[in-house]
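Chain by chain, the residues run as shown.
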Amino acid sequence: MGNQAMSRTTIGDTPLSQPQGMQPGMMVRNVGKVGLIIAPLFSYFFLWAPILLLVIFSFNDSRGVDTWRGFTLRWYQNIFAGTMGGEARFATGLMVNALTNTLIIGLISTVIATVIGTMVALSLARSNLPGKKILDNILYLPVVIPEITQAVSLAIFFNLVFDYIDSSTGVHGTPGFGTIIIGHVAFNISYVAIVVRARLAGMNPRLEEAANDLGANTWQTFIRITLPLILPGIVAGSLLALTLSMDDLVITFFNSGIGTTTLPVFVYGLIKTSVTPEVNALSSLMLVFSTVIVGFSLYLQNRNSERPHNIG
Amino acid sequence: MRVLVLIALLLSMFGITAAQETVLDTDWTCPEGFEGQQLNVFNWATYIGDSTVADFEALCGVTVQYNVYDSDDMVLTLMRQGNPGHDVAFPTDYVVDILRSEGLLAEIDLANIPNIANIGEQYLNQPFDPENKHSVPYVWGTTGIGYDIDSVGYEITEWSQVFECECRVAWLDSPRAMFSIALTILGFDPNTENPDEIGAARDYLIENSSNVVAIAADDGDSLLAQGEVDVVVEYGGDVGQQIVDCDCENLQYVVPVDGGIIDYTSIILLADGPNPALAQVWMDYILEPEIQASITNTILYPTPNVVAIEEGLIEEEFQNSPAVSLSDEVAANTFFIKKVSSEAEQYYTDAWDEVKILTGL
Numbered sequence: 001m002g003n004q005a006m007s008r009t010t011i012g013d014t015p016l017s018q019p020q021g022m023q024p025g026m027m028v029r030n031v032g033k034v035g036l037i038i039a040p041l042f043s044y045f046f047l048w049a050p051i052l053l054l055v056i057f058s059f060n061d062s063r064g065v066d067t068w069r070g071f072t073l074r075w076y077q078n079i080f081a082g083t084m085g086g087e088a089r090f091a092t093g094l095m096v097n098a099l100t101n102t103l104i105i106g107l108i109s110t111v112i113a114t115v116i117g118t119m120v121a122l123s124l125a126r127s128n129l130p131g132k133k134i135l136d137n138i139l140y141l142p143v144v145i146p147e148i149t150q151a152v153s154l155a156i157f158f159n160l161v162f163d164y165i166d167s168s169t170g171v172h173g174t175p176g177f178g179t180i181i182i183g184h185v186a187f188n189i190s191y192v193a194i195v196v197r198a199r200l201a202g203m204n205p206r207l208e209e210a211a212n213d214l215g216a217n218t219w220q221t222f223i224r225i226t227l228p229l230i231l232p233g234i235v236a237g238s239l240l241a242l243t244l245s246m247d248d249l250v251i252t253f254f255n256s257g258i259g260t261t262t263l264p265v266f267v268y269g270l271i272k273t274s275v276t277p278e279v280n281a282l283s284s285l286m287l288v289f290s291t292v293i294v295g296f297s298l299y300l301q302n303r304n305s306e307r308p309h310n311i312g
Numbered sequence: 001m002r003v004l005v006l007i008a009l010l011l012s013m014f015g016i017t018a019a020q021e022t023v024l025d026t027d028w029t030c031p032e033g034f035e036g037q038q039l040n041v042f043n044w045a046t047y048i049g050d051s052t053v054a055d056f057e058a059l060c061g062v063t064v065q066y067n068v069y070d071s072d073d074m075v076l077t078l079m080r081q082g083n084p085g086h087d088v089a090f091p092t093d094y095v096v097d098i099l100r101s102e103g104l105l106a107e108i109d110l111a112n113i114p115n116i117a118n119i120g121e122q123y124l125n126q127p128f129d130p131e132n133k134h135s136v137p138y139v140w141g142t143t144g145i146g147y148d149i150d151s152v153g154y155e156i157t158e159w160s161q162v163f164e165c166e167c168r169v170a171w172l173d174s175p176r177a178m179f180s181i182a183l184t185i186l187g188f189d190p191n192t193e194n195p196d197e198i199g200a201a202r203d204y205l206i207e208n209s210s211n212v213v214a215i216a217a218d219d220g221d222s223l224l225a226q227g228e229v230d231v232v233v234e235y236g237g238d239v240g241q242q243i244v245d246c247d248c249e250n251l252q253y254v255v256p257v258d259g260g261i262i263d264y265t266s267i268i269l270l271a272d273g274p275n276p277a278l279a280q281v282w283m284d285y286i287l288e289p290e291i292q293a294s295i296t297n298t299i300l301y302p303t304p305n306v307v308a309i310e311e312g313l314i315e316e317e318f319q320n321s322p323a324v325s326l327s328d329e330v331a332a333n334t335f336f337i338k339k340v341s342s343e344a345e346q347y348y349t350d351a352w353d354e355v356k357i358l359t360g361l
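Listed in order, the protein sequences are those of chains E and A. Start counting the first sequence at 1; every next residue gets the next number (my numbering). Start counting the second sequence at 1; every next residue gets the next number (my numbering).
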């Protein structure tokens, strides 16, 4: 934990070039200035242009998503009819059901993975186990091994477990929500732990020592000092976990059972006929929903940061 | 009165409806004794009629759990791993053959499926399931040529025209399909396992690739609709949907006279499914003319149900299009892509990689 708070050097007022090379220096500086404006413009364009197209095509009056054939609101009407229990098209009902499954699996696995991942990060940061270095590196394994490998190994693992339970107790287990959630937790622990660990590394350990000095016990120190300081890391880690879980296709499919169709599986399953703009409409609604949530959490964070919080 | 309505609503929420109303008019009646049971259907997301599932639930008083897969390979993989509880699935012909040879299918008692009589003779007892012991026909389809007649300027009827035309062409990213086309042109068996013939087909594809602008995974039909290409090797259903969608005269689909690729989708009875009896009731229900017609009218894949065709239940424009009502000459030359030995499968995959690398596509 030697690398606490970055050593601060003042870069703000340092001239970028030597005084002798005035002309090239000026040029570099100008290019830099223009670049500073253009780079984010380009990044935002690449980030948002496809999403903007997705939203535009959710109003497409066509069976497919690729060719524009006029404006319609019917895809949104379908979804609202589907969720309000009215007479929904079969495909809409299926899609809304798949979204519900995705959210259930995503939320449960995120909560579990966040708790376990944070505990792993804390214990790796604070303990002095003999094999700590190795454990630390093993943590990165699920991040780097191909998804299909993990999916197959999980499927084999569950098969063995079910066989064992079957032979020892006679209870016949089948894959389903449980196996999918365990699978998602398995890969998400690493992501959460890595993000939280980065946050812990940047934390000033003297703050905890100070709390101890002032008479707080370990638990109080954790709740009052450590947790608030690493909270942004935990939130970021859990959001990453939620996104990965909602995106996942391969691990979900290999460990799926009856009635566990998730949204990614549904969308891929449309390939046989055609992906309809209804998928765009649902994605747009999810986009609005998540933007509101992120906006709200940013607002809360801004309000909180007015308190003396980031002394680290 | 209000209380009654409320109770009725509550009951209907639990699926205990008194009046069993169906969306489609049908004479089909469900055999007794299945009320309250469940059927687990495994299918593509929208590869079924809009009310097919709901009507079956109403007629039999059962629950259908509809699960989605995204490729035939996924069905294969899952079933090899151990059936998690699916009763029926809807794979392509050669996949039926693989599943059958690996013992992953259960046996059907055709006495339970009187509606098999509605299926045309020519669609039954196919090599992939010689006595229909494990599968019944669902829909069929073709792989052929989609093209924009305005930009090509003439009618296309043969495979060789795809390679000769001075226009922008997209191939289908399916080694077996593309090689079977080249093999047909060269006069070989489209399902050959001979490495020399496969090599000759590879050379033919490479030599005649100058007009190819894309090898399309499953979006060749949209490239055609957007005007990015003029000619595309594609599945008939995909091009058909674009033609319906654009409601235009210039887009055409043709099954080549020298050998269109034909494929069947079957309903299969999976081994170790929880409810094989209800699964066979489901098969009989699907083969009812009104039901199978409504499926075809929704997903735009031709039906093997000749009674439905005779009764005029299929939308006329679709049924009479040359891609569906194949002329005798065209029908006589169609062929299946068959399961080949794994060595031959490897030849095809490798040769296709070489084609892709040497053409830079």
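Some clues are possibly wrong.
What the hints assert, rightly or not - Not everything, but these chain A residues come out facing chain E in the computed CB check (under 7 angstroms):
#  : residue
1  : Asn40
2  : Ala45
3  : Thr46
4  : Val68
5  : Pro84
6  : Gly85
7  : Glu121
8  : Tyr123
9  : Ala225
10 : Ile299
Keep in mind that the hints were calculated from the coordinates and are not lab data. All residues carry an ideal CB built from backbone N, CA and C; glycine is no exception.
To see whether the hints hold, each was checked on the structure:
1. Asn40: It holds, given that the least Cβ distance between Asn40 (chain A) and chain E is near 5 angstroms, below 7 angstroms.
2. Ala45: holds, 3 angstroms
3. Thr46: holds, 5 angstroms
4. Val68: holds, 4 angstroms
5. Pro84: Holds, because the Cβ-Cβ distance from Pro84 (chain A) to chain E comes to roughly 5 angstroms (cut-off 7 angstroms).
6. Gly85: holds, 5 angstroms
7. Glu121: Violated - the Cβ of Glu121 (chain A) stays beyond 7 angstroms from chain E, reaching only about 27 angstroms at its closest.
8. Tyr123: With a minimum Cβ separation of about 20 angstroms from chain E (threshold 7 angstroms), the hint on Tyr123 (chain A) is violated.
9. Ala225: holds, 5 angstroms
10. Ile299: holds, 6 angstroms
Figure legend: structure checked against the earlier numbered hints; hints not met, in rising order: 7, 8.
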